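*Asks:* Sequence:
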Amino acid sequence: MKTRTRLLSLLLLGCSLFTGAATAVRSQPEENVAADLAAGAWLVYRHNFLTEEGRVVDNRAGGISHSESQGYGMLMAEAADDRDSFDRIWQWTKANLFVREDGLAAWRWDPTQMPPITDRNNATDGDLLIAWALMRAGKRWGDADLQREARRISDAIIARTAIDTAHGLVMLPGVQGFGENDQADGPVVNMAYWIFPAIVDLGRLSNRFPSAALMDSGVRLLREARFGPARLPADWVSLSGETPRPASGYPSQFGYDAIRVPLYLAWYSRDYPDILEVFAAHWKQFGQASMSVVELSTATRLAPMPGPGYQAVAGLVECSLGRRPDVALLSDFSSQDYYPATLHVLSLMAIAERYPTCLTDFP
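Numbering (the working numbering), first residue to last: 0 to 362.
Among the hints, a few may not be true.
[Stated by the list, open to error] Derived CB-CB ranges, DEER-like:
#1 Val98 <-> Arg59: 23 to 29 Å
#2 Thr164 <-> Asp101: 17 to 23 Å
#3 Thr356 <-> Asp181: 43 to 49 Å
I should point out that these hints are in silico values taken from the structure, not numbers from a laboratory. The structure presented is a predicted model; accordingly, all values stated were derived computationally and were not measured. No residue lacks a Cβ here, since even glycine has one placed at the ideal position from N, Cα and C.
Sequences and hints are given; from them, build the entire structure.
*Replies:* Laid out in structure tokens, this is it:
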């Protein structure tokens, strides 16, 4: 208990220095350390990356925003019961990214360009995140309009991106550019776009959203699309052949996209230890240094993934496997760029929701 109180106090002190709003952290059951940490981390994240207008800024990409960043921000605000921030993010997103005629969001918004939409193609994971956040928010705050918006977007995702393949029903990463006629080894998918808990929840929201088929294809592909000595998934996977393989138009690597695969699967369920243990075993080989981009054919570590945000994903996986992660690492929300900070908050949210006693069940 003393360790928990000390860690939380330190985090909230840091939050108060940034925001003066440490008292906004919601009260949680005594044993749910992760929920307290997630609530405090959101305050830091909000200070660092959310503008007054409601734009979530990717500071490592030149200050742009994209549909994923907006969806992540909406999810975090909902989980923190921060209605004001949620509404600001959603209203900015609706006004600035939902400019397509098919009900999906344009992917990229750059404040230095005119017009600021610099990529009108959608990003299917961004659309999923936004729909999921709207669904959760509608349920939390009893807002039927948010539920309707979530259903509208989720139905548009299926109408515009879902295709049947030899490997099952999949969602293309975008409406344009990933089909069998778009790339030499198309269709090409991104396994990190299977946001498993979102897929299940959206299936409950709309009978047009085929969650069972998407879950089946996603889990099956995670078991089949593991490559090289490390048996890790590629960021981009070709489904043109009888067996999945790394897509030819992209580096053959486990990188900044695929790091989200174990996050989303562990967030959904602990019932896939055969998949999740592969990630945990790889990361344990070299300690923190093993959090890196990996070239798949040789399992060579190419570039480190430094910072506690990436370690938080490993901590979530440990929780899903019934083991206690390093609480000090999980509570270290030190200065981070947008992407690792995002992974950090999401991992804490996932632990709080799926494994609420993980950080206290062990001596």
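*Asks:* Against this structure, judge whether each hint is valid.
*Replies:* Hints, one by one, checked against the model:
no.: 1; hint: Val98 <-> Arg59: 23 to 29 Å; result: 25 Å, holds
no.: 2; hint: Thr164 <-> Asp101: 17 to 23 Å; result: 21 Å, holds
no.: 3; hint: Thr356 <-> Asp181: 43 to 49 Å; result: 46 Å, holds
Comparing the model with each earlier hint shows no violations; every hint is respected.
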